[in-house]
Each structure stands twice: as C-alpha cells, then as structure tokens.
Amino acid sequence: MSSFLAWIEGALRACWRWLGIAANLALLAIMFGVSADAVLRYAFNRPVAGTLEGVELLLVFAVFLSLAATQAARGHVAVDIVAGRLRGKPRAALQAFTAALGVLLFAVVSWATGDMAIRSWQMGESAAGLIPFPIYPSRTLVALGSLLLAIELLCEFARALVSLCGRPMEADTDPAAPAQPLP
Amino acid sequence: MSVSAIGFVSGAALLVLLLLGLPVAFSMALVGVAGLLFIGGAGPALGLLATVPYATVASFSLVVIPMFVLMGELVASAGFARQAYAAARLWFGRLPGGLAISAIGASAFFAAVSGSSVAATATMGRLSIAEMRRHGYEGGFAAGTVVVAGTLAALIPPSAMLVFYALVTDQSVSRMLFAGVGPGVLSAVLFMVTAWMVARRNPTMVAVPEKSPPWAVRIASLKAVGPFGVLIFVVLGGIYSGLVTVTEASALGALCALILLAASRQLNWSVLNQALTSSVRISCMIYLIIIGGLLYSRFLAYAGIPFAMVTALQGFDASPLAVVIAMLGIMTVLGMFMDPVGMIMLTLPFFFPIVKALGVDPIWFGVLVVLQAELAVITPPVGVHLFVARQIAPDIPLSAIIRGSLPFMFCQFLVLALVLAFPQIALWLPGHLAP
Chain B
1 MSSFLAWIEG
11 ALRACWRWLG
21 IAANLALLAI
31 MFGVSADAVL
41 RYAFNRPVAG
51 TLEGVELLLV
61 FAVFLSLAAT
71 QAARGHVAVD
81 IVAGRLRGKP
91 RAALQAFTAA
101 LGVLLFAVVS
111 WATGDMAIRS
121 WQMGESAAGL
131 IPFPIYPSRT
141 LVALGSLLLA
151 IELLCEFARA
161 LVSLCGRPME
171 ADTDPAAPAQ
181 PLP
Chain Z
1001 MSVSAIGFVS
1011 GAALLVLLLL
1021 GLPVAFSMAL
1031 VGVAGLLFIG
1041 GAGPALGLLA
1051 TVPYATVASF
1061 SLVVIPMFVL
1071 MGELVASAGF
1081 ARQAYAAARL
1091 WFGRLPGGLA
1101 ISAIGASAFF
1111 AAVSGSSVAA
1121 TATMGRLSIA
1131 EMRRHGYEGG
1141 FAAGTVVVAG
1151 TLAALIPPSA
1161 MLVFYALVTD
1171 QSVSRMLFAG
1181 VGPGVLSAVL
1191 FMVTAWMVAR
1201 RNPTMVAVPE
1211 KSPPWAVRIA
1221 SLKAVGPFGV
1231 LIFVVLGGIY
1241 SGLVTVTEAS
1251 ALGALCALIL
1261 LAASRQLNWS
1271 VLNQALTSSV
1281 RISCMIYLII
1291 IGGLLYSRFL
1301 AYAGIPFAMV
1311 TALQGFDASP
1321 LAVVIAMLGI
1331 MTVLGMFMDP
1341 VGMIMLTLPF
1351 FFPIVKALGV
1361 DPIWFGVLVV
1371 LQAELAVITP
1381 PVGVHLFVAR
1391 QIAPDIPLSA
1401 IIRGSLPFMF
1411 CQFLVLALVL
1421 AFPQIALWLP
1431 GHLAP
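Top line first, the protein sequences correspond to chains B and Z. If you read the first sequence in the numbering used here, its first letter stands for residue 1, the second for the next number, and so on. If you read the second sequence in the numbering used here, its first letter stands for residue 1001, the second for the next number, and so on.
In short, the hints are calculated from the structure, not lab data. Note that the Cβ used here is the ideal one computed from N, Cα and C, for glycine as well. What you were told as hints is all true, and nothing was included just to trick you.
Ranges of calculated distance between the beta carbons of each label pair, as one might list FRET restraints:
| id | chain 1 | residue 1 | chain 2 | residue 2 | range |
| --- | --- | --- | --- | --- | --- |
| 1 | B | Gly166 | Z | Ala1417 | 47 to 57 Å |
| 2 | Z | Gln1424 | B | Trp18 | 44 to 54 Å |
| 3 | B | Ala11 | Z | Pro1397 | 34 to 44 Å |
| 4 | B | Ala36 | Z | Thr1051 | 22 to 32 Å |
Okay, the calculated bits of chain Z under chain B, using three or more residues with CB under 8 Å as the criterion:
| id | segment |
| --- | --- |
| 5 | 1010 to 1022 |
| 6 | 1027 to 1033 |
| 7 | 1054 to 1062 |
| 8 | 1065 to 1075 |
| 9 | 1280 to 1294 |
| 10 | 1327 to 1341 |
My request is simple: use the sequences and hints to build the entire structure.
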C-alpha cells in the first residue's frame, strides 16, 4: 500500500512540475502581452486586440493549475500553532481530518465549477468585448485546477492514514510540517 | 437562528478550523459555503461556488499582484541589492550603527522595486546579517534590523499588500499605492534614527564606525542605484503621470527588471524559473485567500451580520477613531498568530462595512491595515520575517532576533500612531495624483 502510494505521489510530483513550467510560461506571456499592449497603445495608438481576454485566460491557467503544486509545497498559509506541536499519531489523525475536509471542499468546488463550464459551453457564453472570446475554456480550467487540488489533498489524506496505521511519515512529506516561508 | 447566533457559531467554527491547521483560504471557503447551505439552502451556496472562483481570478486588474511579485523576485536575483548596500555603506558607514543604517537604507531602495516584503527580507538578510556580524555587530541586533527593515517593502510601492487591500475593498489601486509612500519613507527614516540611537547607547553591540570615504567615491557609488531609478521611473512615474495604468506599469516593471537582469549578464533559465515559480505560488496563495474570503464575506452579508454589527455599534455611539483603534488592536492580536494576508481577509468582511458606515477614509484605513499587517510578520510566535531571518542565520536564537527587533517594533507603533493622528502623512500624495 505504502509503495503504491509512493508511486502515486511520485507521479503527482512529476505532473505538478510540468504544470508548474506551463504556469511559469503563462506568467511570462502575461508580462510580454500586457507590456506590448501598453507600448503599442502609447507609441502608435494601436493596442493589441484581445489582450485583455487572453491575459485573463492565461491568469486562470497559471493560478488554477498551480493550486495543487502550491499545496504540495505547503504554500497555502495555515496557522500551525496546534498542528505544529503535535507528533506521531495525533498529528496524523489531525492531518487526515483536515485533508478530508479539503478533499470534500474542492471536490464540491470542482463539481460546481465543472457544471458551470458545461453550461457555459452549451450556452456559447462569451466575454463582453470587441472579440467574442468563449469563456468555457477558463471555466474548465477552474474545475480542472480544483479537481487536481482535491487529488493532491486525497493523496495527503491517504498518506496520513498510512502513518496512522503504524508507518511513520517521511520527513519530506510530513503533511503537518510548518509552512516554509517562500524565498 | 438569530443573526448574532449565526455570527457567533460561524466565527467559532472558523477559529476551530484555523487552529486545526486547515489553510486559511480553505477554512474561510468551508465556513462560507457551509453557512450559506445552512441559511439559504443548496441553491445560493452552489451558485456562489460555481461563479466566485472564476470571477475572482479572471480579472485583468489582478495581474498586478503576480507582476509586482515577479519584479521583486527578479531584482532579488540580481546583484542590485548588493550594490545598493555597498553604496549605502559608503554614505552611512561612518555613523554609529552605520552598517545597520545602511541595511535599512538599502531595504528602502529595494522596497521601491519589490512587491514582496518576504523577498526583501530574504535578500537583505542574506546580504547584510553576516556582514554586520563579521564587523562585530551583535547577531540579534543585526537580524532584528533586517527583519523590521523588510517590512518597508509592504509600504513603499510597488507593494502586493497595498494592491491586495485595494482589490478586496474595491479602492483605486494607484491611490492606495501612493498612500504608502509617506508612511514608508517616515518608517525608513525612523528606523535609521532608531538604529543610530541603539548603537549610541550600546557601543558594545556594534562595530567601530567605518572610515569616512572621500566625497568623490561616495558620489561615484550613486550609480549603483541606477537600476532602482529605472524601475522607479517606469513603474511609479508611469502611474503618477497617468501615462499607463497600474496593471500595465506592473508588467512593464517586471519586463524592465528582466531586461536589467539580462543586461547585467545575470539572467539564466534557473534564475528565471525560480523567480516565476515563486511568483506563481505566492499569487496562487493570495488568489485562493481572496476566493475563500469572498465566499466567507458573501455568507456574512447574506446572513446580515455586517449590517447587524453596524447597527449595534451605532447604539454605542463610539467615535470613529476609537473604533479604528479597537480594530487595530484586534488585528495586533490576530497578527501574532496569523499570516498578514489571511489576517486582512479574515477581518475585513467584518471591519470594512463598519469603516464605510462611519465615514472613515478607506485609503487611510488601508494604510493603517497594511502597517498593522507588517507588524504581523515580525510579532512572535508566528512571524514570517522572523522565520526568514532564522533560516539565513540559524545560530542566532529566535529570542535574540525578537529582542533585537523590539526598538524597531516600537518605532512601527509610533508610525502607526502618527498616521492615526495625522492622516495627511498617507493622504497628501494620492491627493495630488493625475485623475
């Protein structure tokens, strides 16, 4: 069970790494896109059409597809006054409980936003601008990102259960470890 | 269930979830959705869940946060901060506590190009803590100086924290950014004076002042602030003149930082990837807290809690100043245990409707909130800047760092009191902005 879980965790880490690179490229594209639009508008009075819609789509892509990786890196801030003081099984039990709450929350978010994405596609919902940009791709990314976060949390839940059943948690995957300040 | 009972139960549930270690964003979203389910049924709860996450993130104006953070991360990767610190030493090194004063001066410059106070603390900490100790400074004083000087990045624009407040309270981002200038500069000057006074009173804590270099050398050192000048001109000049919007200025600032990094031959894929990853993750954390906070505040509004609080407060006939001071007091306590972003998002749904009802200037209140939030990162037991300093210098005990930062912390309270007493410190500059 533990080795299967380790394999899943490894696969997820690889997945977050690739999604992280894609999110980084999206951020870079946002930087170039907004800058080019500003310069062209100021210098030649010719803004780049569709910048706003493109940037919004890229932002949704970068943020939602990084939700799971941010969670894996303990990047979502938490108060660890109680959890940080616990050790062993009480800590694993608490971690299992909070991870389960997280799974429940983001599974529901994913379902609700996914349903909205399907309706958006069926209605042909588009952005109110010069170019009728479809909105369903962004809405799909929101649902997908929430689902990936739920999967990451499910993995943390399983890891906590395994350690609750007797196997100690590995130091680097200790779910209750205090959040590291970002560099 | 009465409004006060709903408020009490939801507040207690939120507190329990936070103490259990559930991330702040998850806790607020969970209580918000569960509360809406309870009082309004599945319809409103699922409706909000389906729309709020997308509507929050798919916003052009929110690009400001990742761009300002990216700009700070890129500048942190370059050697500009090192050059600024070296230049500041030539100017201030001859004073008692000169290295600490130089670190504060360089932090103020760094703050003018960085949106993230954690990045500012980490960068200046790596540069100056070891240098100060090498020159005989007491470790706690050295680390304490850097820990507090790092908070300048949240006040002096561009600041992710000021933008965050402006976005969640629907205020003008540019006015909010310029409102941080006065209190930021005042803080920097008072921190420098404090370092000088501490060094004068405790000569054993600091090194012998460095020799005064010739004026020609000092003036030549000013070229080190060139990259900062370029970035300040592009970002703050662009916004102040009204030539570009805040969103455009933030992207242009990040692009300029990238070009400066490439021009100084320090740009490679690893540096860029690290800066981008850090920016994406910090932004991701902030966005999710905004989403959680919005779900929570919609629930509070649906339950009529802010209205009930405003009505109850009107019954007390309290003065707006007393109410604002009470709010800041609550934030001080919360800030000891929480990250500033979480603390702001947790309290604003309660505080902001009251502030608006009392007719308090929202920009002035925002500056006070950000000043308070910056106390949160240096107050134990949970203070991110303290942990950053510990990571940089693990041999300095946390208690020594806290002791070293105490005089500066007092200084921050003084700035808070001055901005409370004289709102013009914050409001004068935004009052002169191009419309």
